[in-house]
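Visitor: Chains as they are written, first to last, in our numbering: chain A, 1 to 377; chain B, 1001 to 1281.
Since the hints were derived computationally from the structure, they do not count as laboratory data.
Label-pair restraints from in silico Cβ distances:
1) B:H1151 to A:P314: 52 to 62 Å
2) A:S133 to B:G1119: 54 to 64 Å
3) A:L121 to B:S1152: 25 to 35 Å
4) B:P1158 to A:P301: 42 to 52 Å
Positions of the beta carbon are idealized from the N, C-alpha and C atoms, including for glycine.
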Amino acid sequence: MTAAEPSAVSDDLIGRLVLSGVVAAIVGAVAAVSDVGFVWIAVAAAAAIAAFWLLDSAMSPRRDHSLGLAPGASSGPLPQTTSESLPPPRGVEPPKIGEPVDQNATAPTLEKHIATLDPALFDPTSVEIKTNSQGKRRVFSIRIAKHGNTIDECEDAVAVDPRRGVLAVADGASSSFGAVSWADTLAKQFVSTPPKPLSVGSFSEWLGEARVATPEPVRRESDDPNGWWSEQGARQGAFSTVVGAAIMSDGGSRVATVMCLGDSCAFVLTGPSGERVVRRSLPYEDAEQFGSHPSLLGSMPDRQHDEPTWTTIPTSPGDLLVLASDAVSEWLLGDPKRFQLLDGAEPDAIATRLIADRTDGKMVNDDLTVAVLELAT
Amino acid sequence: MYTQRVDRATPSCLIFLVDQSASMYDPMAGTDTPKSVVVAEQLNSTVMELIQRCSKSHTEPPRPYFAVSVIGYRTDQAANAVIDTCINVPGQQGDLAWTTDLAQHPLRIEERTRQTSDGPLSYRMPIWVEPLNEGGTPMCAAMDRAGRIAHSWIQTYPQSFPPIVINLTDGESTDGDAATWAERLKQLSSDDGPLLMFNIMLATGSVLAPAMFPNDVNQLGDRFARQLFTMSSELPEFMRAAAVRQGYQAEPGARGMSMNADFRAVVSFLNVGTSVGHLLR
Chain A
1 MTAAEPSAVS DDLIGRLVLS GVVAAIVGAV AAVSDVGFVW IAVAAAAAIA
51 AFWLLDSAMS PRRDHSLGLA PGASSGPLPQ TTSESLPPPR GVEPPKIGEP
101 VDQNATAPTL EKHIATLDPA LFDPTSVEIK TNSQGKRRVF SIRIAKHGNT
151 IDECEDAVAV DPRRGVLAVA DGASSSFGAV SWADTLAKQF VSTPPKPLSV
201 GSFSEWLGEA RVATPEPVRR ESDDPNGWWS EQGARQGAFS TVVGAAIMSD
251 GGSRVATVMC LGDSCAFVLT GPSGERVVRR SLPYEDAEQF GSHPSLLGSM
301 PDRQHDEPTW TTIPTSPGDL LVLASDAVSE WLLGDPKRFQ LLDGAEPDAI
351 ATRLIADRTD GKMVNDDLTV AVLELAT
Chain B
1001 MYTQRVDRAT PSCLIFLVDQ SASMYDPMAG TDTPKSVVVA EQLNSTVMEL
1051 IQRCSKSHTE PPRPYFAVSV IGYRTDQAAN AVIDTCINVP GQQGDLAWTT
1101 DLAQHPLRIE ERTRQTSDGP LSYRMPIWVE PLNEGGTPMC AAMDRAGRIA
1151 HSWIQTYPQS FPPIVINLTD GESTDGDAAT WAERLKQLSS DDGPLLMFNI
1201 MLATGSVLAP AMFPNDVNQL GDRFARQLFT MSSELPEFMR AAAVRQGYQA
1251 EPGARGMSMN ADFRAVVSFL NVGTSVGHLL R
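Could you put together the complete structure from these sequences and hints?
Guide: Take a look at the structure:
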């Protein structure tokens, strides 16, 4: 992942031209049917167009993440809209997070699992697998560092709470500073304290708390006379995507509420075990949609941020909720048969396949992360 | 083609060729500053940005994701070509230095201040490259050197993104037909595609609009501009997108060339020509 990049300038320009054209058309119409001098209307309209362009420019600062030096390289909000069902209205108590809990049952947790992987294929220090050893439900997470890196250098983070049915994946931008801890903070905070609409308070407040919580120290001055890069890196901070999901029980029905920001994806697989098919895929449905410039959240305080999209998906008992970072998501969407692997195979076999396919060039050399949570039946 | 990620296993190589001929002392178009000073300043900024891309945390030095070479070309008083590296840092091998070593060994660090929306911001600017201007323009010899560097690089890192060569000059070659040498460079290729050769022709006191990233040789007026077009590689799609984001009308087939480049053109051109940041993932 690199730092966030907005949509192309050309789209923006076309939009402005179209709007300007609309204003001009209205002017013509008004002039044709009114007694007011055409010149005065034209002057007023020209002022309106100019004001629109200026206002629009002022309100939509564009980021440029080609290497530096760009004039005005500050970030700006690019809120995304969704056609999906809306989150609960303001002032209404949101539905309760979590699976139906049997108070007597043992709390399921994810524990580190010693992977039985072929060391000839890859470096075992680059993989982390966590599984749920107690429950019968399929719950696990896999993180694999990019080839050549150890798991400590993996900039993907994952957090899963099987009992509450909350999980998150964050993908830190490699070219940003402190991405490992920032991604980890976002994933963990999503699971421990999910943001609106899953809990009260705005997304900005939630992000502000994450920014305070991230352990990467923000140094304005470096003690090391040669550590100028730390000083400048800390000034820019880290960037990360995040995708989070929570199972919410609302009366008798259960839905998955999914928050997406960037190109880490969420999938709901439904059907009988071993034959599950993709019910929903968010925010992308096609491998072709992955680009170079996903939305990202910055770690620096007071930095403007993109808004996430929220989607509520109906679920059936036993559905699989899957979150994955971009490389795995793109791979899955590239051939829907690959979802069957998540449905049936053991985590070790999945990790082996992911690494083998990455070695074969079916994926780029990126960190690979996938989390799977089977809903209670 | 042009999709290989940049990481430890497949690092990327950038070679800057810098015209150090006497005419580089003339002021940059639209400024009072010698072209050599503008170029050195922008190269330092570019190296700094590359290093920043490799900086991960306080606890480790920037990673060796990029190998950088800055080769100056000029002639001495006996009119012999002088082709030499402009950077010398410990750990450097031949003409190439890793971002890790560059980060820790600038010539010096200058205290600078720049204006931001929050008021003046002081920062430290590392310097690796100093301006120089003397003699003629042995561009062919410089391209020969770039070819040698790129060739060895590709032998070592055949899977990497191909080397990027950016030539910054203000005049015609004085040691032969540069187009022939550019052609030889462009025939070098890694598994990920042919070497990228970009050329920027600096303007002196000119009021002509810079020709940036043209895609049609017939739109270019003079013979030298056409030659520069032929010498320059087509921008890979992501670089063309970067050029568009910088505000240029880079059409499909746009070449990595700039004619009559003013200060802004130099800054933008270096941004576009090194816009491999998204490959670091």
